[in-house]
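Below are the chains, spelled out letter by letter.
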Amino acid sequence: MRVELSVNGDPYRREIEPDATLLSLLRETLGLTGTKWGCETGDCGACTVLVDGEPVVSCLQLARQVDGTDVTTVEGLEVEGELGDLQAAFVRNGAAQCGFCTPGMLMSAEALLRRNEAPAEAEIREALSGNLCRCTGYSKIVDAVLEAAESRQAPVDASA
Amino acid sequence: MSGLLVGAILRSPHPHARIVSIDISEAEALPGVHAVIHAGNVEQRPYGYNHDNVPLKGEKVRFIGDEVAAVAAVDEETARRALELITVQYEPLPTVFDPFESLDPSSPQIHDELENVEGNVAMRWDWDHGDVAAAEAEAAAIVEGMYSAPQAAPVPIETHIVIASFDPAEHLTVWSPIHMVFMYRKELADCLGLDWEHITVIQPPVGGSFGGKIDIDPHDFITVMLARKTRRPVKLVMSREEEFIGTRTRQPIHFKLRTGADADGNLLFRDAEIVSDNGAYNGWGSHAMLVAMQTITSMYRVPASRVRCAVVYTNKNYGGSVRGFGNPQATFAVEQQMEEIADALGLDPMDVRLRNANQPGDVTPQGMQITSCGLEECLEIVREQSGWDKRRGTMRERHRGLGAAAFVHVGGGARIYRSDGCGAMVKVDDSAQVTLITGASELGQGSETVLAMIVAEEIGVPLDAVHVINSNTDVKPWDVGVHASRTTFVAGNAAKLAATKVREQLLETAVEVLGAPVDELRIVDGVVEVSGDEEKRMPLGKLMRRRLLREQGSIVMATAFYDPPTQMQKDYYGNVSAAYGFGAHVAEVEVDPGTGMVRLLNLWTAHDVGRAINPMSAEGQIEGGAAMGIGLALSEELVIFDGQIAAPNLHDYGLPTAVDVPRIVVNLVETIDPRGPFGAKGLGEAGIIPPAAAIANAVADATGIRPRAYPMRPWKVKEWLDAGERSHVARQGAADA
Numbered sequence: 001m002r003v004e005l006s007v008n009g010d011p012y013r014r015e016i017e018p019d020a021t022l023l024s025l026l027r028e029t030l031g032l033t034g035t036k037w038g039c040e041t042g043d044c045g046a047c048t049v050l051v052d053g054e055p056v057v058s059c060l061q062l063a064r065q066v067d068g069t070d071v072t073t074v075e076g077l078e079v080e081g082e083l084g085d086l087q088a089a090f091v092r093n094g095a096a097q098c099g100f101c102t103p104g105m106l107m108s109a110e111a112l113l114r115r116n117e118a119p120a121e122a123e124i125r126e127a128l129s130g131n132l133c134r135c136t137g138y139s140k141i142v143d144a145v146l147e148a149a150e151s152r153q154a155p156v157d158a159s160a
Numbered sequence: 001m002s003g004l005l006v007g008a009i010l011r012s013p014h015p016h017a018r019i020v021s022i023d024i025s026e027a028e029a030l031p032g033v034h035a036v037i038h039a040g041n042v043e044q045r046p047y048g049y050n051h052d053n054v055p056l057k058g059e060k061v062r063f064i065g066d067e068v069a070a071v072a073a074v075d076e077e078t079a080r081r082a083l084e085l086i087t088v089q090y091e092p093l094p095t096v097f098d099p100f101e102s103l104d105p106s107s108p109q110i111h112d113e114l115e116n117v118e119g120n121v122a123m124r125w126d127w128d129h130g131d132v133a134a135a136e137a138e139a140a141a142i143v144e145g146m147y148s149a150p151q152a153a154p155v156p157i158e159t160h161i162v163i164a165s166f167d168p169a170e171h172l173t174v175w176s177p178i179h180m181v182f183m184y185r186k187e188l189a190d191c192l193g194l195d196w197e198h199i200t201v202i203q204p205p206v207g208g209s210f211g212g213k214i215d216i217d218p219h220d221f222i223t224v225m226l227a228r229k230t231r232r233p234v235k236l237v238m239s240r241e242e243e244f245i246g247t248r249t250r251q252p253i254h255f256k257l258r259t260g261a262d263a264d265g266n267l268l269f270r271d272a273e274i275v276s277d278n279g280a281y282n283g284w285g286s287h288a289m290l291v292a293m294q295t296i297t298s299m300y301r302v303p304a305s306r307v308r309c310a311v312v313y314t315n316k317n318y319g320g321s322v323r324g325f326g327n328p329q330a331t332f333a334v335e336q337q338m339e340e341i342a343d344a345l346g347l348d349p350m351d352v353r354l355r356n357a358n359q360p361g362d363v364t365p366q367g368m369q370i371t372s373c374g375l376e377e378c379l380e381i382v383r384e385q386s387g388w389d390k391r392r393g394t395m396r397e398r399h400r401g402l403g404a405a406a407f408v409h410v411g412g413g414a415r416i417y418r419s420d421g422c423g424a425m426v427k428v429d430d431s432a433q434v435t436l437i438t439g440a441s442e443l444g445q446g447s448e449t450v451l452a453m454i455v456a457e458e459i460g461v462p463l464d465a466v467h468v469i470n471s472n473t474d475v476k477p478w479d480v481g482v483h484a485s486r487t488t489f490v491a492g493n494a495a496k497l498a499a500t501k502v503r504e505q506l507l508e509t510a511v512e513v514l515g516a517p518v519d520e521l522r523i524v525d526g527v528v529e530v531s532g533d534e535e536k537r538m539p540l541g542k543l544m545r546r547r548l549l550r551e552q553g554s555i556v557m558a559t560a561f562y563d564p565p566t567q568m569q570k571d572y573y574g575n576v577s578a579a580y581g582f583g584a585h586v587a588e589v590e591v592d593p594g595t596g597m598v599r600l601l602n603l604w605t606a607h608d609v610g611r612a613i614n615p616m617s618a619e620g621q622i623e624g625g626a627a628m629g630i631g632l633a634l635s636e637e638l639v640i641f642d643g644q645i646a647a648p649n650l651h652d653y654g655l656p657t658a659v660d661v662p663r664i665v666v667n668l669v670e671t672i673d674p675r676g677p678f679g680a681k682g683l684g685e686a687g688i689i690p691p692a693a694a695i696a697n698a699v700a701d702a703t704g705i706r707p708r709a710y711p712m713r714p715w716k717v718k719e720w721l722d723a724g725e726r727s728h729v730a731r732q733g734a735a736d737a
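Chains A and B are the protein sequences, given in the same order. The first sequence begins at 1 in the numbering used here and counts up one residue at a time. The second sequence begins at 1 in the numbering used here and counts up one residue at a time.
Chain B extracted, bound-state conformation (with noise of 0.2 Å):
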């Protein structure tokens, strides 16, 4: 790209502090500087949920990393000698990093700027369902315990990179891998006073993302900013370091749960105090308890359950919205649950959930429409692999335990807008090539693959006849984006409605140039056939040919959006999603009695899927789940003193390697979902929800010590089997004894 310029960011190394002067002359001299902003002189007004952040802070700085100047230089080196050259004179301010510490009304405030925000409570989640006091009075065991997960990071392989360029014209283009790009759009000219009808994205092959790359964060408006000041294309890639630091992770979050059952293991009630540490600002990571809250009161038939939820600022970098979204830290938490009680009953806990599984036309608490369900089928597949009935339990003087754990998860779209649509076009042309223009990203999930499937399956073509066009807003339909495992739900269903306008369309011409009747007509392998005249039959190309050279021609297209028939939640109560997928793991571990090393021996995995449209495709994003998964069970974790991440590095995060991973047994279930394309449900967050809770129960198995908290690291795990931690049950035997 002719002209490109390289941005770099200053950022805050005070965790809180008031900046008081900020001077760049030196910068601004430096031979090779284009320019260097800060929060005096661009444009800039403040985005996010209620908000509370701005690319270029002013005021103040929340946490290590904050963004405070930028510039855009000839080469690195030039942009890094800038930013040296930047003297910013800072006054510290009182921090808090415990998110408990800031729900106490004497802490330091991080937002005083916010009226409406009260103490450092960025956010209440509070959901109340049934007579949870008349359901604890009739329990005969309850369980109760502290659950917590840590801060944990998306880590792409790619870190993200950022392009803008202002045409002449003053059209913008963004090179950028986040993948809800039309949101994107519409944020880059909110914040930046842009025109977003000038706005074009365009998303080139993303390197991973797993939710990283979907907030927009600081360093996309600040490069749009440089690459307006400049009036020149700018570039800015995110160092290792910065991912770490600069971009989104998975916010630590905290369950004071209890669970009540009878005596016959019928659960009763679910009640739960959360405290969600989500950091410096609200990103998308504030509103991950929408996922953790369907989990509580919903993941098997519960009468009665209670949420009090705070999300909670803290002066440490901000939760996003990483794969399984709240989900696998709600698992841990209740999962663990489901096998105290059992236990505490003295029943078996596959017994216990099967009892208690969720079913078909179920409608749950919270309005949660469940139409395919195959979690029994689930429960019952890893019992049996498993060896479950003969060996947990039973291996405790070998160290070895067997522990399970179940999820639900949205798997038909998630309605947190008012569309939760996709639109699609197809088009076939001369020579038979037909064209899939989707609104949906493809980020290595496997998409395009999934969608040109669809295609090829619904008109009648070979596979490798259909081409996927997806990524430049200019050309392709809207769509929210990727999140919420909805793309093979949603996107699908759109491809599949224009690809079935697209075969009706063929067929009316096979009817015109071949004579016979619609219904003896079919389209197979890129062929129409004449049922009973193999004569007639006729090559697609051919056929289109025919149709578009003559007078009066026409192509075929057909354009289609769909929008699945869910609700948007009012009081956390609508069916969100118009499909639901469900799944169950059991995982064998050794403990290592001296050290607290837990190695993972096996996982069996089944995953109710709908269909499997693409198993080998499936499986992939099952056991790349669970390695993430099993990734935060026993290693991961930004470390943080002080505010500051200890060693923000691949080297220590703990990412699984090759040898961390074990060979994970996967068992696809398809129960033909009726609303799914083809009867498929979303599975891209599936796998990584269930590891975490499933190794720790068993460690529990294997040792009697409960385990409070992920990762299960040996120090850790060494300190409770010193320590000797229990499940704490608040009641057990009948509730009149």
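Pulled out of the complex, with its shape left as it was, chain A reads as follows (with noise of 0.2 Å):
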């Protein structure tokens, strides 16, 4: 069958199999790896996208369910090549070890950030508890999180 959808930003029409999964389209037909295959339960949160800006875990989206949508994956958070502002944030806070987890928990925080432009620290823990961390204990990433929220409330530099 066939599915057409836009993601990051580019037209795409494919033919899938009835039963592939978004991450299987993803990763395999449209070969945008950094979205992860960490279990395929919905557990670990590695393959989490933004679907029309919500997040979800694409192992368990069918591709058909999401004809006609906008998806974002974690390679269309870099601006014009450069590290979006998520995750320069979670490279300077060291919030990625093994960075496995790490392309999920950025579509995570991007999600939160754009519903919640001021999180608490709790708010961020609660949104990113469906992503699974083995390496940082979690603090690094928070901090990351809370960073970037606040640079992006910050007043636009008039001079820049």
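Keep in mind that the hints were calculated from the coordinates and are not lab data. Bear in mind the structure is a predicted one, so any value in this text is a computation, not a measurement. Worth double-checking, as some hints may not be accurate.
Unchecked claim - From the derived model, a few chain B residues whose C-beta atoms are all more than 10 Å from chain A: (1) Pro13; (2) Thr87; (3) Ala137; (4) Glu144; (5) Ile202; (6) Gly208; (7) Phe210; (8) Arg240; (9) Ala456; (10) Lys570; (11) Pro593; (12) Asn649.
Claimed, not checked - Have a look at the derived ranges for each label pair, beta carbon to beta carbon: (13) B:His198 x A:Ala120: 46 to 52 Å; (14) B:Asn472 x A:Gly68: 23 to 29 Å; (15) B:Met616 x A:Ala120: 22 to 28 Å; (16) A:Glu4 x B:Glu59: 51 to 57 Å; (17) A:Gly68 x B:Met616: 49 to 55 Å; (18) A:Gln65 x B:His728: 58 to 64 Å.
Stated by the list, open to error - Stretch-level coverage of chain B by chain A, calculated; a stretch enters the list once three of its residues show a Cβ under 8 Å from a Cβ in chain A: (19) 156 to 164; (20) 435 to 448; (21) 626 to 640; (22) 657 to 671.
Ideal Cβ positions, reconstructed from N, Cα and C, are used throughout, including at glycine.
Using the hints, put the two standalone chains together into the complex.
Written as structure tokens, this is what we have:
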């Protein structure tokens, strides 16, 4: 069957198997391997992407269900070849160690910041609680999200 | 990769059974299937400690998950269908799951094929030092108890994935996350009858290991066997369920421990009887007893110690070398008894710890030579920050408590092979790009950055001028591998030695080109400077071109091999590591008396890291390690019924989430170790060691109940609260009273 969708702003039209997941469409069909496969049961969150701005675990979403939607993956966070603000905050804060959970963390955090521009630490922890990280102990990830939230709220420098 | 096939493994559904027959004809006939292998149609030899394992089992299976057959097919769906078409007839055998039952001579023998194994005892680790009986007679207080640690799992978020490919000249390339790459190559060769000079191991970026990717596992061999049989590249991806069932776990260990001290709180002896439930095969987990023993004999000054340890086989998934390697388990027992004995003597547990603290210059009963040691300072820091003196023992009405735990762990390599070395190569090219080619692997622990920082600092170039190459056995120099918190210390020293030689080569050229004596030259931020002569400064790139681009030019390149000045232990005696890491944690908990729920409110940590080369990364290692320790303490367990892991999935396993881990306070204590690179010691495992013990002590302070096992899940704590389990004090008061 055919699916048409937008991924990171680019239009795609692909033939897929009826039981193909969004994760396999992204990784195998479109070659966007930034989205990670960690469990296939929706527990680890490494495959989190945004569908029309909402975070979903792409391993549990059938590709056919996203027909006609706008999908954002971690590859869509960069701005003109530079890391996006959230990604840069992750780097500055040491929020990634092995990096395998990072794409999913980033997408859950991005979804949070889009609906709540000034989240409290507890709200950040709640929003990230579906994304498992085995390396960091989470504090540096939380710090990165707090920092990105702050910088998004900071008044724009008129001289820039 | 062109022609890539997908591999899949058929695993035993029985915990213990004889394989009567296997029929692969239907699977082989399925279109798209390129190979079906089992013990009867492949070449393989026993591997592992005491050669008690083999990749594909031919005679019998010993746990649910044991590998019996495997297929390679065009895609995953075909491979899975082919597995369903394999018919195996099993004759179930009597089973044994409990390690104490396993010790009983009447229990079914799991490795009846091994003539050198008596009953189910795979190994014994026995140790005697000093006169325990005399120490016991002198003791003013003796505490005793049994402390149990469960089966847990390393749970990297990326599962094990292996790709194997033979080229037309029979050269094998394996892409694998295993981080003992040179040993891996040798084990593949030995088991499968391959020439190891014709094996290349490439390590792609690794999505976490925590020790789970140290051991070579049957699936590694099987992937290579499938590639050999099909003459095609084969990829094998472990599903999350297989990751729990078919890769190595942290083995359950049971400690029956006694500690004695005099009336002033001076430790007199420790006496441990240990049963390590290592599962169906030895794996690396069998050797975790080396580390557990060190904590019993050498955590604090202990004049007399005795260890009797049996590593036993049971019909369960077997133990590997998970982060901390026996130390979280041993520390859970040892550090609870530090507080129990202090309480029995009416002393403050921090005072008792400080009174017995290891000191620089000490040689422990096992011959561990302590160089730098910040244990006292670490204890003082967490004592102060947690408000220990005012708060411990005062919050029971509010169901709150404080508990402490310290640790000792190798921090300067661990000589468990004839060499504990690592090689390094450093070169500088005509652009002044510096390349470090190191034997050490990166698993997400940050070694690439730390090693690059060491090289940049030593030569005098900016950090971003240093590139690190570390992932291909054809290119990189030999290394034991990543384990035992050794990379910063061992690979760091090797990189530093090579970088020193490179700096000397650069300065030789500078002397010639700039006409200044060497003692007036220094390299700062990638520029050679001449003291007192601003005009003569020259960027390294220009210097390099002056050296290279001429007749009789030469490159700048140096190699080094660093093997720490340590000893292989003999009868468990010898200085196994060139430095030792120390630290202390204090946990604050609140226990809900109605449900038994333990909430961790605070964790203060102080770690003697020698020197924090990359403080952010050091903090990250400790925070992440502590989070794993919190998971062990409160939620993580592979619950097993009749040999079956009840819920091999992330939903039920109990990995801590962002809401379960509080903000952890990390203090980095710098003792500047005399042998460490710029004074650094290893710290990769440190964070995971004390939390379970500290949290248990905090639960005891909050409730008066003494936790005997972890994880301290609500229903278990509630049971203890209802039963009123207390510390067991065998003797209290003056010895002669």
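Checked hints:
1. Annotated as non-interface, Pro13 (chain B) keeps its C-beta farther than 10 Å from every C-beta of chain A; the closest such distance is 21 Å.
2. With a closest Cβ-Cβ approach of about 27 Å to chain A, Thr87 (chain B) is found to remain outside the 10 Å limit, as its non-interface label requires.
3. Taking the minimum C-beta to C-beta distance to chain A, about 46 Å, the non-interface status of Ala137 (chain B) holds against the 10 Å cut.
4. Here Glu144 (chain B) stays apart from chain A, with its beta-carbon at least about 34 Å from theirs, past the 10 Å limit.
5. Separation of Ile202 (chain B) from chain A is adequate, the least Cβ-Cβ distance of about 17 Å exceeding the 10 Å criterion.
6. The Cβ of Gly208 (chain B) sits about 4 Å from the closest Cβ of chain A, inside the 10 Å cut-off, so the non-interface label is violated.
7. At roughly 7 Å, the least C-beta separation between Phe210 (chain B) and chain A is not larger than 10 Å, which violates its mark as non-interface.
8. Remark: the non-interface label on Arg240 (chain B) conflicts with the geometry, its nearest Cβ contact in chain A lying 4 Å away (cut-off 10 Å).
9. For Ala456 (chain B), the non-interface assignment is confirmed: its Cβ lies about 18 Å from the closest Cβ of chain A, beyond the 10 Å cut-off.
10. Residue placement check: Lys570 (chain B) keeps its beta carbon more than 10 Å from all beta carbons of chain A (closest about 37 Å).
11. Once the 10 Å rule is applied to beta carbons, Pro593 (chain B) is consistent with being away from chain A; the minimum gap is 25 Å.
12. Asn649 (chain B), annotated as away from the interface, has a beta carbon of chain A within 10 Å; the closest lies near 6 Å.
13. Between His198 (chain B) and Ala120 (chain A) the beta carbon distance is about 58 Å. The supplied range of 46 to 52 Å is therefore violated.
14. The supplied range of 23 to 29 Å is broken by Asn472 (chain B) and Gly68 (chain A), whose beta-carbon atoms lie about 45 Å from each other.
15. At roughly 24 Å, the beta-carbon separation of Met616 (chain B) and Ala120 (chain A) lies within the given 22 to 28 Å, and the hint holds.
16. Against the hinted window of 51 to 57 Å, the Cβ-Cβ separation of Glu4 (chain A) and Glu59 (chain B) comes to about 56 Å, which satisfies the hint.
17. At about 43 Å, the beta-carbon gap between Gly68 (chain A) and Met616 (chain B) misses the expected band of 49 to 55 Å.
18. Judged by the Cβ atoms, the range 58 to 64 Å given for Gln65 (chain A) and His728 (chain B) holds: they are separated by roughly 59 Å.
19. With 4 residues having a Cβ less than 8 Å from any Cβ of chain A, the stretch 156 to 164 of chain B passes the three-residue criterion, so the hint holds.
20. Note: the stretch 435 to 448 of chain B has 4 residues with beta-carbon separation from chain A under 8 Å; the three-residue rule is met and the coverage holds.
21. Restraint check on the stretch 626 to 640 of chain B versus chain A: 3 residues with Cβ-Cβ distances below 8 Å, three needed, restraint holds.
22. Closer than 8 Å: that is the beta-carbon criterion, and the stretch 657 to 671 of chain B has 6 residues meeting it against chain A, so the requirement of 3 holds.
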